[in-house]
Each structure stands twice: as C-alpha cells, then as structure tokens.
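So the protein sequences, as listed, match chains A and B. Position one of the first sequence corresponds to residue 18 (this note's numbering), numbered consecutively onward. Position one of the second sequence corresponds to residue 18 (this note's numbering), numbered consecutively onward.
Everything labelled a hint here was simulated from the structure, so no lab data went into it. Model, not experiment: these values are computed from the prediction. Among the hints, a few may not be true.
To be verified - Where chain A lies over chain B, by a calculated footprint (3+ residues, C-beta under 8 angstroms):
no. : stretch
1   : 27-39
2   : 98-104
3   : 306-319
4   : 414-422
5   : 459-472
Claimed, not checked - DSBU-like mimics (lysine-lysine), calculated; alpha carbons at most 35 angstroms apart, straight line:
no. : chain 1 : residue 1 : chain 2 : residue 2
6   : A       : K238      : A       : K156
7   : B       : K380      : A       : K74
8   : A       : K358      : B       : K114
9   : B       : K298      : B       : K48
10  : A       : K358      : A       : K74
11  : A       : K263      : B       : K359
12  : A       : K107      : B       : K298
13  : A       : K259      : B       : K441
14  : B       : K298      : A       : K74
15  : A       : K66       : A       : K107
16  : A       : K74       : B       : K156
17  : B       : K107      : A       : K74
18  : A       : K473      : B       : K48
19  : A       : K359      : B       : K359
20  : B       : K74       : A       : K473
21  : A       : K393      : A       : K473
22  : A       : K238      : A       : K259
23  : B       : K263      : A       : K359
24  : B       : K358      : A       : K263
25  : B       : K107      : B       : K259
26  : A       : K149      : A       : K359
27  : B       : K358      : A       : K114
28  : B       : K238      : B       : K263
29  : B       : K149      : A       : K74
30  : B       : K380      : B       : K66
31  : B       : K156      : A       : K359
32  : B       : K298      : B       : K195
33  : B       : K359      : A       : K114
34  : A       : K149      : A       : K48
35  : A       : K195      : A       : K107
36  : A       : K441      : A       : K195
37  : B       : K298      : B       : K380
No residue lacks a Cβ here, since even glycine has one placed at the ideal position from N, Cα and C.
Each chain is listed here by its residues.
There are 2 protein chains.
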Amino acid sequence: MKVDHIISNAYVLTMEGNGVGMIENGAVAIKGNLIEAVGQTDEILKDFKAERYIDGKGKAVLPGLIDAHIHTGMAIFRGVAQDMNNWMQKGLWPFMKHLTVEESVKGSMLNIVEGIKAGTTTFGDYDSNMPKIIENYVKIGARARVAELVNEIPDDIGDLPVGELYPFFPEIGERKLKNNLELLDRWHEAENGRITAILGPHGPDMMSLELLNEFKHLAEKYDTKLHMHVAQGDREIDQMVKRYGKRSIAFLDDHGFLNGRLLAVHLTEATDSETRLVASKGSSMIYCAGSIGIIDGLVPPLLTFIESGGQGALGSDQAPGNNCNNMFNEMKFAAILTKVKKSNPTVFPATLALRLATIEAAKVIGLEHQIGSLTKGKKADIIMINLQEANLSPVFSTPIRNIVPNLVYSARGHEVEMSIIDGKIIMEDRILQTVDESQVIREAQQVADAISVRAKDDILSAESDILDMMRNNYL
Amino acid sequence: MKVDHIISNAYVLTMEGNGVGMIENGAVAIKGNLIEAVGQTDEILKDFKAERYIDGKGKAVLPGLIDAHIHTGMAIFRGVAQDMNNWMQKGLWPFMKHLTVEESVKGSMLNIVEGIKAGTTTFGDYDSNMPKIIENYVKIGARARVAELVNEIPDDIGDLPVGELYPFFPEIGERKLKNNLELLDRWHEAENGRITAILGPHGPDMMSLELLNEFKHLAEKYDTKLHMHVAQGDREIDQMVKRYGKRSIAFLDDHGFLNGRLLAVHLTEATDSETRLVASKGSSMIYCAGSIGIIDGLVPPLLTFIESGGQGALGSDQAPGNNCNNMFNEMKFAAILTKVKKSNPTVFPATLALRLATIEAAKVIGLEHQIGSLTKGKKADIIMINLQEANLSPVFSTPIRNIVPNLVYSARGHEVEMSIIDGKIIMEDRILQTVDESQVIREAQQVADAISVRAKDDILSAESDILDMMRNNYL
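So that you can see chain A by itself, here it is in the shape it has in the complex (with noise of 0.2 angstroms):
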C-alpha cells in the first residue's frame, strides 16, 4: 500500500497501554492527515511504500504534545511581572489595558511558535478575541481546542481595589458570548477538523449565576465542554465567600457543574476532600505547574486529583506569569514540584508527566479518539527528537532504558526537529514552514515597542515591585 510518509529505525513512544508503549526500532506510516499504520521499521516497510521517507535513527517519535491551558493572547507580555505580589493588579495590568486585539493577536502568533518549536502540537487556547486569534492557528497550522474568555466585568477591572467585589454587566457577557458562540458555530471542525471549539466560562467569581447556569444549558445543547478557571487563587475564593457565602467548588457543586463536561484549570486553592470531590463527579483537572509556581509560589494538587481516580493534564498557561509556554518546562516542573510537595522522589515519575502532556491530556479535553497516542487511524500529530544531543545522550536501551527520564528531566524543547500536524510537516529541521518565524518576532517586538510608550505613564504610576527593582538596578 502507498502512504504519504513512513519515519522508520527510530523509538517510537505509542504512548498506547499503560506506560509509553516503546517500539524500539520502531515506524510510523502516514497517510493523508492519519496515521496508516505503527510497528517494527520491517514489517512497516514490508507493507508499506511511501512518497518520502523520514530517517528517526537515533531519534524519538511520539504524539506532538497537548498544552491543555494556555493563554496565547497575553504573550507579548512575557516576563514583564514576576517575583511580585499583586501579580495581576499592579504587574500585568498596567500594560493590559494598553493592548489592542491586532497586538494581542501578534502576541499569541509568537506564543504559538515558541509552543511548536518546544513539540506542542495541540494547544487548549482560552482566551479573549479568539475568533481573531485563530486565523492564527490556520495561518500556522496547528491543532486547536480554543475557547473565548467569557466574564461580565469591565476590562478596567484590574482598576478595582483589591477585596472588592467585582460589578457584572450583562452586555459585556453578552457580546464575550457571542464570540464564544462564533467560535461553536463557524469554527467548530473547520480546516479539516484541526480546530475545535469548547466553551470558555471565565471562573465562578467573573460572572452573575445567571451566565453561569446558560453556559451549563449551552454545555448541553453543544455536547460540548466547559474550560474553566476554578478555585484559581484566594482572590477568587474571596469574592465567592463575600458573594454567595461559599467556596468555589462547593457552589459549583450545588450548581451542577461538577460532571465530565467541566475542565477545572488550576484548583490552586482547593482543600483535600474538595479535589477529591471534583474528581469523584468526573470532572478534570490541568495544571500549570511553572505559572503557578512562580504567580504564587504554590504547588496545586493534582495527585491527589489523580489518586483519587481523577483525570489530568497539563498546561503553560501564560507568559507573563510562567514566562515561557513549553511542556518541557511543564512536565519537568509538574514532577518535581509534586515530589518536593511530597518530600517523595517516587511520587511523580517521567513516564506520568509524559502522558499528562499526551494521551491523558487529549481524555481531559476530549480529543482522545483523535490524538494522544500513535495509533492506526488517528490523526497525524507527531514530533520527532533528536536524542544524540549532548543532553540527551548516551541511550541506554537494554536492560533498562533512559530515553522517558531523559525526555522529562533534561529535554529543553529545542531537540524536538521535526513537528507534523494533521499529516502535515510544519517545521523540519527546526524550521517553520508555514509561517516566516523571524517575521514573527520582528511584529510582536514592534508592538512591545509601541505598548512600552503608550503605557508608561501607568506602569510608573503602579508603583510595583518591579519598579522597585527597577531603580535598583536588578533588571
């Protein structure tokens, strides 16, 4: 049979049963936008023939990784507040209220780069404006599971005093909807089904009860998911208690909301038994391992949530807080923070981050009869390692292996040469082939320059940490 591509001689990661399902000397035939076929180099190549042959000698090759949790609108604000407190208030929104949506669209082209370039293939974006920021996600030609940032608050919020309770306006609800619903009814299994839409509640805290409860009917009628911020962080624990007097995940709880169709992003302030009852009524979890751990020095706990029988995933979040937007970096934080929350280096192991990034991060947001694993008849989302990097070598394969280990814990993102999505080579050799990447960097640095001189006059006024350190000449 004829096939488009078949990578051979290389080790392949199903990521199928329980582990990682190694092929060593393994190959992977594609065909059209799915996989044809997986198996030993010489059977593939008995059944197969291909219009290109893709050498994986001395490589890895496993799914393109998922990035359950990410905000690409932001990115133009990579490193701008961190090691502060008032993250939000007084680092992040002195520039916010300056961004136009053509700059917050350059921001997450330069956000989606960085996350091919580091082996994402699938990104779970949430976001405001997404029926913009998708072209950018047709222009690159990644996999998308977007969701439009939905609240009913003003943007001028970061303007509020800290503690008080948010104003909601249904009009602004209204119109964030609308985009939510564009992305549901125009884009939904667009571009040959790559790009998917969910719906994006913003949190319990950013939204009337009323908005609430249509995204639960809206849920339905769609068949669809909700990706939600819950029990993020004290602030919004605060509003709620001062709102309905309880806690997030007990009114979500009362409320209906906990079942299969709820992504829950972060659970930073969860107690024990609450993570545990997120978990037992179905719903997921991700985790932002790097954002959390620098926005608010905390270690949320996605063990339990998994020990429980909970489903995880995991995700960058944003680069304002995090800094950077690559699941290295995520799988690399996720388990060594859970293992030092613990005082337990065994709590945690490679091969559990690595399938947090792939195949159960593709159950949590739905996608896991599509990718996740490399398998007859999903799609061709698939990235290809170079292992004789210096960091990366030697391979010991017999009688114990090291490539998982070594994937996690000392693969920096820059290793990952080769990235086809839905059958198509989009980088090779470390080069993008469908977007011009210096082009790319060149456009959000305009814009970085154009927000710096409009924005001044508030970031001087906010009166940061970061100013601070500013004058103290520590940046």
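For chain A, the structure is supplied; the task is to place chain B on it using the hints.
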C-alpha cells in the same frame, strides 16, 4: 588602542554592583585573555580598534555561567536512576561498579560539552580520577576549578547493606589524596591560569577524622578551599550519629572546619539553626536545586543561608540524578522551588538566581577577582545570548525591562550563541570550535553500549523500582 575583539550594540549585563549592572547598547573590548573595557558602544568604538567586531544587536552579553558543583565523571549514566528509592545503591551502583576510568573520562567530555552549549564557562568539577578528567578541560578550553573526590571507602561500598557503618581503608584515602595533591602541584594555575585546583574531601562520613584533619592542614598549607558534601542526606547523618554520636555540622564545628575555606555542598538535612551556624562561620553553600529535587524531593535551605549572611552558589551535580547539567535549569529551579518552599513568589527574584550563577558563585569558589562579572582586568569569560528567539521575545526596555526574568524563567540554554573563555571563542553560532561534538556523543554512546552488556546481571539482580518500570512498559 588595538584589541582583539569588540562585542557591541548589546544588552550588557555586567553583574557589577548589587544588581545586574545593565548597560543598554553596551560593548565589551577583549584583549588577549582579559577584558580591556566595558561601556557604552559609542565610547568603546571611539577608544578601541579591534581585530574582529562582533555584532551584539538583539543579544544579551553576560559573564559565563559558573557551575559550582558538578561530577562530570558520572555523566555517562544520565537518566538511569530517578523516580526511585535507594537512588545510589539500587539505581546507580549496579552501573557504576562497571565503569572504567577511560569510560568515565569520555562521559565527562559529554557533560562539559552539554554545559558549554548551555552557557557554562567555569566548572567546579569534583570527581574521581580528576588528573585524567582534567585533560578534557585542557582540550576543550573551558575554565575548571577542580577537586579530587577523596574518601577512604572501597569502590564496592554500594554492596554494603543500607544502614551499616562504612569501613575505612587508609590506603584508599592515600591513593585518592595523592590524586588531589597531583592536581594542586601539577595543575593549579596551569593553562594560562584557566585550570585551578582545590581540595575535595568527599564528606565527613566518608573518611576517618585523621584524614579529615589532614585536609584541614593541607587547606592551610596550600591556602585553598575544601569542596565537601555536608549534610547531603539522611544516609550521611545516620553514619555520623552512629560513628561519632553527632550530626555532621556539630561535628565539623567541633573540629574546626566551619570557616571561610569550606564550600558546604547541599546542606539538604541541615536544620535552620545548623544552616545559620554554617553561614555565620563564613563557610559557603552550594545549592543543587534540580538534583536534590529529583533524587530526594527536598529543597535545601539556601534562602535561610543567604538571609543569615552566607555566600551561596548553584550547581548542577550529576547527570544520573539531575539528568541535565544546565545552569538555566538550576537558576529556574532554585528560584521556583524556594518560592514554593516559602509559599511566597517574592522571596527569590530572578536577579538573585542570575547572581548565584555568576558573581556570587565566583566569590564562593574564590575566583571573584578573575571571573563572575564583566569589568576591566577580569578574564574574558563571556557568553552571548540571542534574545530574538521566540521564547525570549519581545524585549521590553523601558520603563521596565524584562530581560533578566526571561533569561532565568524562559531561557533553556540553546539561546546561547557564543561562548568566549579566557579570551578564546570556544563556541560560535552554537558550534564548538575545539572539539568535534558529534564524535564526543558517538564515543559516549559506545561506552554506554559496552557497559549495558557488562552490567546487565547486576542491573537485573538489583530489583530496583526502575526494573519494575521497565517490566510495566513505563520506560
């Protein structure tokens, strides 16, 4: 005046003063192996002519990173032991017992290549067979501050049941001490001063008090430092309490080891009061964030040490525990693990991390008069980092700068384009100039293949957690 190289138009982080000593649009003039001048580009270009001009536009230029504690001789075992109990005895030892000196040296070169490609220019190498390993540094042209790992325990100590007191053999100590003295006598200040040697007692639990006391006298005789593991794990504390009825730090204090000559590595098991005692006596601390996080699931007390007035540095330790030897990894983990330990995002800013890998580390290892910052008269150990990578873009420079946070929280190592050590360009456009990188990797792979065969029976009979993972297709 004529110089050899001028790097201009860069963001120069001199690391002088209390912060990062940023010079925007800065330049560095290099003559021979020394920095001739650092300043504004226009001034430097007015005052000097160069053999070669290097354009630093869009780049950060900073002192080469210092890895204050690394065992390069173990690099060949990257990734064979993690996520497990009894890391040393069941994970590493079945491999280690089959390692020849020649094989260790080949692995060491792989590790040095990895470090240089991630911006390390000075290696605080602390290992066995250093008189052989040192040839790697001579060849590749890196700066090294070496010490022989000296103990009195037999090579097969890994076969001793956990909890039994180590036997000491004076003839082993004598042989290893001879290696250490060879370093001091033959290699100290060799290669134009690029190689220097200090003393390397393995730990207070690893040799008799007699030999420890000999080290104390040798340190005075040679006017040098002692690079030593201190309170590195419960295994050490257990040995000390069983042998002497004292914990490590009280024992070292009793015998006069807590002073400015001591580089205390790890302090994993040090209590707060022990930590403060070590700091107050003028000893230094080296923190290996990634290694101790993965092997032990613990966060040593670096912050308490620094807040008590102690001098700290970072190290990458060894590849079979940490899996990578990359100071960008260490800076990020040191900052985030400490934030998480204190549940406070402000306690460990990016600037502190960068200082601990440059100027503060230079003070710890006693080379602050030569390296660690960019200023006239210091050695020309300089790295140039491309900020126009997607993950380091965009650059904000006014009214706040985001370069330092992005270097610490987002750089991965591959953004280092050029490395200059002792005035010589060792890496340019990411290509090593002094060794053939692919040959180094190939030779390390041959070593791994050979050891796999020889060590097979020992690995299989170790009944380690890793073997269970192999059987379950987790690796």
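Pair hint outcome, A:K359 versus B:K359 [Cα-Cα no greater than 35 angstroms]: holds, 15 angstroms
Cut-off 8 angstroms, C-beta pairs, minimum 3 residues; does the coverage of the stretch 98-104 of chain B by chain A stand? holds (count 5)
Can the restraint linking A:K441 and A:K195 be considered satisfied, given a maximum Cα separation of 35 angstroms? Cα-Cα ~32 angstroms, so holds.
For a C-alpha distance cap of 35 angstroms, please report whether B:K149 and A:K74 respect it. It holds: about 33 angstroms lies between the C-alpha atoms, which stays within 35 angstroms.
Given hint B:K195 paired with B:K298 - CA-CA distance at most 35 angstroms: Cα-Cα ~29 angstroms, so holds.
CA of B:K107 to CA of A:K74, is that 35 angstroms or under? Given that 35 angstroms is the threshold and the Cα spacing comes to 31 angstroms, the pair holds.
Is A:K107 close enough to B:K298, meaning Cα to Cα at most 35 angstroms? violated, 40 angstroms
Can the restraint linking B:K359 and A:K114 be considered satisfied, given a maximum Cα separation of 35 angstroms? holds, 32 angstroms
Would you mind confirming whether the straight-line C-alpha gap from B:K156 to A:K359 stays at or under 35 angstroms? violated, 44 angstroms
For the pair supplied as a hint, A:K66 and A:K107, is the alpha-carbon distance within the 35 angstroms limit? The hint is violated at about 59 angstroms.
Hint check: B:K107 vs B:K259, CA-CA at most 35 angstroms. Holds or violated? holds, 23 angstroms
Given hint B:K48 paired with B:K298 - CA-CA distance at most 35 angstroms: violated, 39 angstroms
In summary, the numbered hints that this structure violates are 7, 9, 10, 12, 13, 14, 15, 18, 21, 26, 31.
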